[in-house]
Amino acid sequence: MPALAAGCASCHQPALHGVPSLAGQPIDALLAKLRGFRDGTRGGTVMPALAKGYTRDELEALARHFARQRPAG
Amino acid sequence: MTDVVDTRRRRALAALGAAGLLGLPACTSLRGSGRPRVVVVGGGYGGATAARYLALWGGEGVDVTLVERDAAFVSCPLSNLVLGGSRTMADITVGYEGLRRRRIRVVRDSATGIDPRRRRVRLARGDELAYDRLILSPGIDFFFDRVQGLETPAARERFADAWRAGPQTVALRRQLEAMRDGGVFAISIPRAPYRCPPAPYERACQVAWYFRRAKPKSKVLILDGNEDVQSKKALFTRAWNEDYRGLVEYLPDHVLTGVDPATGTARFETADDVTADVLNVIAPHGAGDIARSAGVITANDQWCEVDFATFESVQVPGVHVLGDAIQVAPLMPKSGHMANQHGKVAAAAVLAALDERPPNPSPVLNNACYSFINDREAVHIVSVHRYDATQKTFLSVPGATGLSTQKSALEGDYGFAWARAIWQDMLG
Numbered sequence: 574m575p576a577l578a579a580g581c582a583s584c585h586q587p588a589l590h591g592v593p594s595l596a597g598q599p600i601d602a603l604l605a606k607l608r609g610f611r612d613g614t615r616g617g618t619v620m621p622a623l624a625k626g627y628t629r630d631e632l633e634a635l636a637r638h639f640a641r642q643r644p645a646g
Numbered sequence: 012m013t014d015v016v017d018t019r020r021r022r023a024l025a026a027l028g029a030a031g032l033l034g035l036p037a038c039t040s041l042r043g044s045g046r047p048r049v050v051v052v053g054g055g056y057g058g059a060t061a062a063r064y065l066a067l068w069g070g071e072g073v074d075v076t077l078v079e080r081d082a083a084f085v086s087c088p089l090s091n092l093v094l095g096g097s098r099t100m101a102d103i104t105v106g107y108e109g110l111r112r113r114r115i116r117v118v119r120d121s122a123t124g125i126d127p128r129r130r131r132v133r134l135a136r137g138d139e140l141a142y143d144r145l146i147l148s149p150g151i152d153f154f155f156d157r158v159q160g161l162e163t164p165a166a167r168e169r170f171a172d173a174w175r176a177g178p179q180t181v182a183l184r185r186q187l188e189a190m191r192d193g194g195v196f197a198i199s200i201p202r203a204p205y206r207c208p209p210a211p212y213e214r215a216c217q218v219a220w221y222f223r224r225a226k227p228k229s230k231v232l233i234l235d236g237n238e239d240v241q242s243k244k245a246l247f248t249r250a251w252n253e254d255y256r257g258l259v260e261y262l263p264d265h266v267l268t269g270v271d272p273a274t275g276t277a278r279f280e281t282a283d284d285v286t287a288d289v290l291n292v293i294a295p296h297g298a299g300d301i302a303r304s305a306g307v308i309t310a311n312d313q314w315c316e317v318d319f320a321t322f323e324s325v326q327v328p329g330v331h332v333l334g335d336a337i338q339v340a341p342l343m344p345k346s347g348h349m350a351n352q353h354g355k356v357a358a359a360a361v362l363a364a365l366d367e368r369p370p371n372p373s374p375v376l377n378n379a380c381y382s383f384i385n386d387r388e389a390v391h392i393v394s395v396h397r398y399d400a401t402q403k404t405f406l407s408v409p410g411a412t413g414l415s416t417q418k419s420a421l422e423g424d425y426g427f428a429w430a431r432a433i434w435q436d437m438l439g
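Protein chains in written order, with this note's numbering: chain B, 574 to 646; chain C, 12 to 439.
One chain only, chain B, in its complex shape:
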């Protein structure tokens, strides 16, 4: 797991679903959500603020990583 994605793993665990699991989600859907949070077009609780802390390239790299991650449990 790359260092940047490890930052997300504090809340997003592949085998747990209370916080949405990102593992294996389609990359387009994931990236649309992250970009929406960042651009302010998508609502939420913590993610609208957190997504603004990452560059567009970083969000793309994160989406790519989690799309490839194998869902567990």
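Derived by calculation from the structure, the hints in this document are not laboratory data.
Worth double-checking, as some hints may not be accurate.
[What the hints assert, rightly or not] Below, simulated DSBU-like cross-link-like pairs (lysine-lysine); rule was C-alpha separation at most 35 Å, straight line:
| no. | chain 1 | residue 1 | chain 2 | residue 2 |
| --- | --- | --- | --- | --- |
| 1 | C | Lys-226 | C | Lys-345 |
| 2 | C | Lys-244 | C | Lys-226 |
| 3 | C | Lys-230 | C | Lys-345 |
| 4 | C | Lys-345 | C | Lys-403 |
| 5 | B | Lys-625 | C | Lys-244 |
| 6 | B | Lys-606 | C | Lys-244 |
| 7 | B | Lys-625 | C | Lys-403 |
| 8 | B | Lys-606 | C | Lys-345 |
| 9 | B | Lys-625 | C | Lys-345 |
| 10 | C | Lys-403 | B | Lys-606 |
On a predicted model such as this, the values are computed, not experimentally measured, just so you know.
Knowing the structure of chain B, use the given hints to seat chain C on it.
Below, chain C alone, put in the same frame as chain B:
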């Protein structure tokens, strides 16, 4: 750096020599067989995470030992709900089996001394652990001598801090249960920076929640050593004024100077004395004592300054420090989530150093902190912190700080889910 490599080479050569002599394969004749050894002291949010990610990222190439004095991890986050009575100790306790399954050696013992020159950790039972790199996640210890009357163990029990979750959490809960209806619970908050800025205010909410149900004539007094509420001010103030109206009173500028165990009276620098049936004293504190032994407490005789790219001590090479014990970067809270994030950056930096690679040039940390207003509704604060190579510190990213507009059950669900997830991330 050079030391580490030399040590590794020497050990690898020694292993080969010994194996040749005894006619045994190196990997079975000598434990470790020249793998670099990383010792982590402290199995809380910072240390357990560091150990797990060292194993995750370092695989077979690194020998990881975690030294932890307790049999199981007990979470400070959510421990206020145990005080309120809506959760139990079992709900906030997680064992270390998950780390053992990852071939991390979990040594249940107290580290009593560090010798950074010889690169050894001394353990209470007498033996020593050698390391190539040391990660200290020592949490906090209290300056009991700064509050007159707190010198004796009996007084500390009487004024249980419960600021390190565990037996004191249970003890404080028992005090609340034993208190008469119509009594006063008071919580004394030290001057910032202290462990977990919103936690005292959450605790006031949880105790008020309990009182309203079980002892409605009772009161909660918040005796803040600071001039104002330190975190989530509007959200907590609203809870005290609306949800717990008439039950909670907030008193700023109450810097505690002494306590009287006989009467339960608290004395302050300037404010009038306060007497409470249950007085919860969070004494001033700093980095855990073991950090002192390592010589890494460099800021104000209280906290440990680190190189933020690696979390290595600015004073002692080869020793990394995490979590509440560090002198924080601007706007970086002392929180469990933040310690967990430190742990990953430090684990990556340690592995890079052992491999003679430069560390990640641009680490990013995030923080998420939920505070429960009652048994099921919570509020959050979040932020993102990026390493700035010019200023050599983490800076809070503008626009990437968020705060709830109001409490909600949805956020309560996320708060509980956050706990399950981060415990998995540390200990799973």
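The hints, checked one at a time:
Between Lys-226(C) and Lys-345(C), the direct Cα distance comes to roughly 33 Å. Compliance with the 35 Å bound is thereby established for this hinted pair. For the given pair, Lys-244(C) sits about 26 Å from Lys-226(C) by alpha-carbon distance, which is consistent with the 35 Å threshold. Only pairs whose Cα atoms come within 35 Å are accepted, and Lys-230(C) paired with Lys-345(C) is accepted, the gap being roughly 28 Å. About 19 Å separates the Cα atoms of Lys-345(C) and Lys-403(C), which keeps this hinted pair within 35 Å; it holds.
For the given pair, Lys-625(B) sits about 23 Å from Lys-244(C) by alpha-carbon distance, which is consistent with the 35 Å threshold. With a CA separation close to 30 Å, the supplied pair Lys-606(B) and Lys-244(C) stays within the 35 Å bound. Restraint check for Lys-625(B) and Lys-403(C): satisfied, since their Cα atoms lie roughly 22 Å apart, inside the 35 Å limit. The hinted pair formed by Lys-606(B) and Lys-345(C) meets the criterion: a straight-line CA distance of about 30 Å does not exceed 35 Å.
Between Lys-625(B) and Lys-345(C) the CA atoms are separated by roughly 22 Å; this keeps the pair inside 35 Å, and the hint holds. As the CA atoms of Lys-403(C) and Lys-606(B) are separated by approximately 32 Å, the hinted pair is consistent with the 35 Å bound.
Consistency note: the structure conflicts with none of the earlier hints.
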